[in-house]
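A.B. asks: On the provided structure of chain A, position chains B, C and D as indicated by the hints.
Chain by chain, the residues:
4 protein chains.
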Amino acid sequence: MSKFNFSGLKSNKDTGFGDNFSGRFIDKNGYPNVQKRGVGILNRYSWYHTMLNLPRWQFIALLISGYIVINFIFAMIYFLIGVEHLTGINRSSLMDEFTDVFFFSTQTFTTVGYGRIAPVGFLASLVATFEAFLGLLGFAIATGLFFGRFSRPRAFLKFSDVALISPYKDRSGLMFRMAPFKNTSLTDASITVLASFEITENGETKSSFYNLKLEVTTITSLILNWTIVHYIDEQSPFYGLSSDDLKTIAIEIIVHVKAFDSIFSSDVVQRTSYTSQEIIYGAKFEKMYNPDETNLFTVLHLDKINSYFPASLPDIS
Amino acid sequence: MSKFNFSGLKSNKDTGFGDNFSGRFIDKNGYPNVQKRGVGILNRYSWYHTMLNLPRWQFIALLISGYIVINFIFAMIYFLIGVEHLTGINRSSLMDEFTDVFFFSTQTFTTVGYGRIAPVGFLASLVATFEAFLGLLGFAIATGLFFGRFSRPRAFLKFSDVALISPYKDRSGLMFRMAPFKNTSLTDASITVLASFEITENGETKSSFYNLKLEVTTITSLILNWTIVHYIDEQSPFYGLSSDDLKTIAIEIIVHVKAFDSIFSSDVVQRTSYTSQEIIYGAKFEKMYNPDETNLFTVLHLDKINSYFPASLPDIS
Amino acid sequence: MSKFNFSGLKSNKDTGFGDNFSGRFIDKNGYPNVQKRGVGILNRYSWYHTMLNLPRWQFIALLISGYIVINFIFAMIYFLIGVEHLTGINRSSLMDEFTDVFFFSTQTFTTVGYGRIAPVGFLASLVATFEAFLGLLGFAIATGLFFGRFSRPRAFLKFSDVALISPYKDRSGLMFRMAPFKNTSLTDASITVLASFEITENGETKSSFYNLKLEVTTITSLILNWTIVHYIDEQSPFYGLSSDDLKTIAIEIIVHVKAFDSIFSSDVVQRTSYTSQEIIYGAKFEKMYNPDETNLFTVLHLDKINSYFPASLPDIS
Amino acid sequence: MSKFNFSGLKSNKDTGFGDNFSGRFIDKNGYPNVQKRGVGILNRYSWYHTMLNLPRWQFIALLISGYIVINFIFAMIYFLIGVEHLTGINRSSLMDEFTDVFFFSTQTFTTVGYGRIAPVGFLASLVATFEAFLGLLGFAIATGLFFGRFSRPRAFLKFSDVALISPYKDRSGLMFRMAPFKNTSLTDASITVLASFEITENGETKSSFYNLKLEVTTITSLILNWTIVHYIDEQSPFYGLSSDDLKTIAIEIIVHVKAFDSIFSSDVVQRTSYTSQEIIYGAKFEKMYNPDETNLFTVLHLDKINSYFPASLPDIS
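Chains as they are written, first to last, in numbering that gives the first Met the number 0: chain A, 0 to 316; chain B, 0 to 316; chain C, 0 to 316; chain D, 0 to 316.
Just so you know, these hints were derived from the structure itself, not from any lab.
Treat the hints with care, since some could be wrong.
DEER-style ranges, computed between Cβ atoms [to be verified]:
#  : chain 1 : residue 1 : chain 2 : residue 2 : range
1  : D       : Ser64     : C       : Gly65     : 22 to 32 Å
2  : C       : Thr204    : D       : Gly202    : 54 to 64 Å
3  : D       : Ser91     : C       : Thr86     : 21 to 31 Å
4  : C       : Asp291    : A       : Pro290    : 21 to 31 Å
5  : D       : Glu203    : C       : Gly239    : 29 to 39 Å
6  : A       : Asp291    : C       : Phe121    : 55 to 65 Å
7  : D       : Glu214    : A       : Ile59     : 38 to 48 Å
8  : C       : Asp291    : A       : Ile59     : 51 to 61 Å
9  : D       : Ala310    : B       : Glu203    : 47 to 57 Å
10 : D       : Gly39     : C       : Tyr30     : 17 to 27 Å
Here the structure is a predicted model, which means the values were calculated and not measured.
The beta carbon of each residue, even a glycine, is placed where N, CA and C say it ideally should be.
Okay, chain A solo, but in the shape it has when bound (with noise of 0.2 Å):
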């Protein structure tokens, strides 16, 4: 189907990645497109790597609604166990008497214990030990997770939406570009591109993947936009792929950035990837930073990421 072949090119067999799978590999926000089965819902997830991947306002509003059920149980219990149990207790109508039932599991819950309505008794009393004990262990764990929340290590990085075939050298290259969009501090940032190439061979589909060669793989610090660029000599299987190929191969190309976040002493990961809609045939990005007016310090145009021009490609047949 391709005028090109990769029989000379070295494919890598050990991504991790599986072979026969003709989708994407990895979704544009870097998580793996693979459905786990066979193992029950409660051992198929780490609930705290879940809530730390929650959006927040799914996390706020799952902590509030937990706030509201659990006392919505422990106003059954003491409505269950008798009003008479509690002090203070209006007793005008049983939906004023439940209004003030539940109102004093909140302040139980949260040890805001006013003491207007207060139990008295074996029961009452020891339903509310126990909620007191439960709001504090509840409020200990809402601790850990918002700090696990917000001191989870992320790297911040913005990645063009797209990724460039730009003439490059006496060729062409393969660029994409990234830029570290918060006020992290970001050092010692390296790279690794992978692409995937579905390719028939005696009516199997079969998926290669291949390491791409790039020019420059580590950066001392990451500060400005750091364009990735892979020279598309004979030794890249991107070799001889016109803008038609393009069209009909799919390619995916699978992008994984490291780099050490100084503020946080820490290893951050990011992925992304490309796939063949994603490449654009024959285009150059503008440069996207420049001194300031007052040449003290270099500004940054993040809004100008996916900013490019179109370019011809130098033809080498």
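C.D. replies: Leaving out everything else, chains B, C and D in the frame of chain A:
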């Protein structure tokens, strides 16, 4: 006793496992079979390591029983000081008194402090002051323990229960496999495999350790299952080992996996071991992943990790 | 403009600093002189990184003012609901009412809950329930921030304010020094030094980067001061640089230190830089440590880190 | 003074220990014998490092005394504001008044807030508001400190008190040993050993450092004891050293161990040192582990770590 000899192989003398032990060096879960003696129990355990390793229900049971015991002790102290130094105590019977004193203690320890019962006078107030302080510190420690427990980086790898001697290339290979079973994100996994053979020489039984050469020792992304393959050639200590030898020679395969968990940004390790009894002679693993019907993602069947079928080995005599 | 040229030297093109900037690349404290634009302020900052970097008094001021503002808002809400839904309010004047409502709010937020003032009825109780919940979460977050701040691994290195060009061997050397100034325990320290020279070629001004070769790049224990020495031989970009050149050429020496803090069990990094103005031509550092009078330990004089004396350089023309 | 010389040996000049000190470079627990001067006490200490290193009882004593002092100060403030601004105070005597005020303070600081005593009026309420806030922040900090203390990765290695010069191969070897004494899980341990010799040359006394070549420098699993062996051949600075030399020459052996703690997923380091007085000439260590009677596990006798017996060294003159 065995027809093969190890004379041409270089054994590994720096394993740290010692040399005169004929049982299992490490158990299935990776813990070494070593007992420490000669130091007091307080010095022998790092209580924090212990707390991190405790099963969840034991940890919770420990917290609850600690809570009850501490409050019981404080209740005794208040009782000895005299219930007349607490306001609002129900003094109908000794039992009622103690109940109220106990719940006053829990209300102090959890800092709920309804105030229906409150200390009056120096001594009761002093004890309550100390108890509230202790309560807060206790919950501070519990917070730390909770966080320590769930933020503890773990690999969450499932290993196959058995290792197989499978047909491989023109000969045979020792194989076992592993898969990540939770929603972790492991990259840069590496593995080392050590085999111990109990050899009787000049009437003395000794364990010899050999590093097993593997076909692949590192993998970029640990997303699907990973089958570890040791090719049994002339350089392998398994060369010439027959099905019967497996029943008579004490062998232990010690596995050590290290990977980078990109959610925790931390290295994680996991160990396991296979003894002679856990090595199946002449069998092959079934494939455990396939594309989804929709062809959009890969399905990993974790329940198939132990699935294998018989496969006859080539005769190389 | 300068008599020396760099034609024989290999410049480092992978520093991540860009190439068209004539100011200072990183400031004295190691932060890069880069401004990010083109993303909203919420996306541009990692609030957690910001909180970790905030000076102590600003952090505390932020906590206190947050505490006041939140309680003021809740006081307003209770006031709007109506003070008749709170027991025990002093209703002599509007001011007195608001005062009591405000302090009811603080007693709820901190979960003190004396109970002299307590909510009655659905609405006030509901708001109080929410406030106590918010209070606990707020303190959970504060706990995390405190821990994040003080457990953040930092190198605590003091660098000499200036670098010297000192007599060294038969010629001269570029020297600066550092010392750990707190009770940390740093081991396995390593250093890399980069020099940027602003060079005007064909009317275009560009920064070129050179890795400086050091006499010692790693040190086992960073206990006393460490004097970093770059021997200025023919391979050095500083070769032939005169005292006057230092005044006219924009040079920046960028220093990057990495060490292992054995108390935190974590790698720590620190950066600094020296510009032309901070390089002293013809001077030597004074020794800054000596044995104690008792000869039992070594004394490190941190106040001497900037002590140097003039020393004439050999003439090598 | 000694018959041997070091002229043929390459000394290590990059140890970071300095060169003019004749006492002990690091103490038995691995802390360097260095005193820092010339900076204020506040800048000289990282209070967090200090808190992590404080012995347990000192840490607890500090917490308790801080708690008492703070409450005493607040009690004074409430007293100065006037006890009439607190409800429920026992006003029989000044002493009773102060007692009640003090306990009101502790009930506020710990947020127990029984409410038997409660603030009335602006000033007392304001101070109470601030105290409750401070209390919560204080416990937030205590939580962080507790967690920091017990989650601090430590190696928990026990070293033999002495090093031995034992018969080894055809000659002799310098040996000492270590063992993990707690329920940790250490892997990939590595060791470096440095020896300092005080040498008087031309009337000047100087310390020279030599890296000792070890038989084994890394070990896969640090489960049992590890005996470190330095073979004393012609390349060793100990070559030709007699029993008498040990008494007259100031020698220090500086030991640095690094290992990976797989429970904390963190590197841990530990250091120690041996001086001439702690080197025994002509002795051998007893074996300190053996299989259990049941032959199911290995027993490590930690109390035997210092057990050795005399062993005559070969005469190589």
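A.B. asks: If a hint holds in the structure, say so; if it doesn't, say that too.
C.D. replies: Now the hints, each set against the structure:
For Ser64 of chain D paired with Gly65 of chain C, a C-beta distance near 30 Å keeps the hint of 22 to 32 Å intact. In this structure the supplied range 54 to 64 Å holds for Thr204 of chain C paired with Gly202 of chain D, their Cβ-Cβ distance being about 57 Å. Between Ser91 of chain D and Thr86 of chain C the beta carbon distance is about 28 Å. The supplied range of 21 to 31 Å therefore holds. Checking the proposed 21 to 31 Å range against Asp291 of chain C and Pro290 of chain A shows it is violated: the Cβ atoms sit about 52 Å from each other.
Our hint of 29 to 39 Å for Glu203 of chain D and Gly239 of chain C holds, since their Cβ atoms are close to 37 Å apart. The supplied range of 55 to 65 Å is met by Asp291 of chain A and Phe121 of chain C, whose beta-carbon atoms lie about 57 Å from each other. Between Glu214 of chain D and Ile59 of chain A, the C-beta spacing of about 58 Å breaks the proposed range 38 to 48 Å. Distance hint for Asp291 of chain C and Ile59 of chain A: a CB-CB separation of about 57 Å, consistent with the stated range 51 to 61 Å.
Against the hinted window of 47 to 57 Å, the Cβ-Cβ separation of Ala310 of chain D and Glu203 of chain B comes to about 22 Å, which falls outside the hint. Under the hint 17 to 27 Å, the C-beta atoms of Gly39 of chain D and Tyr30 of chain C, about 25 Å apart, fit the expected range.
Comparing the model with each earlier hint shows violations of hints 4, 7 and 9; every other hint is respected.
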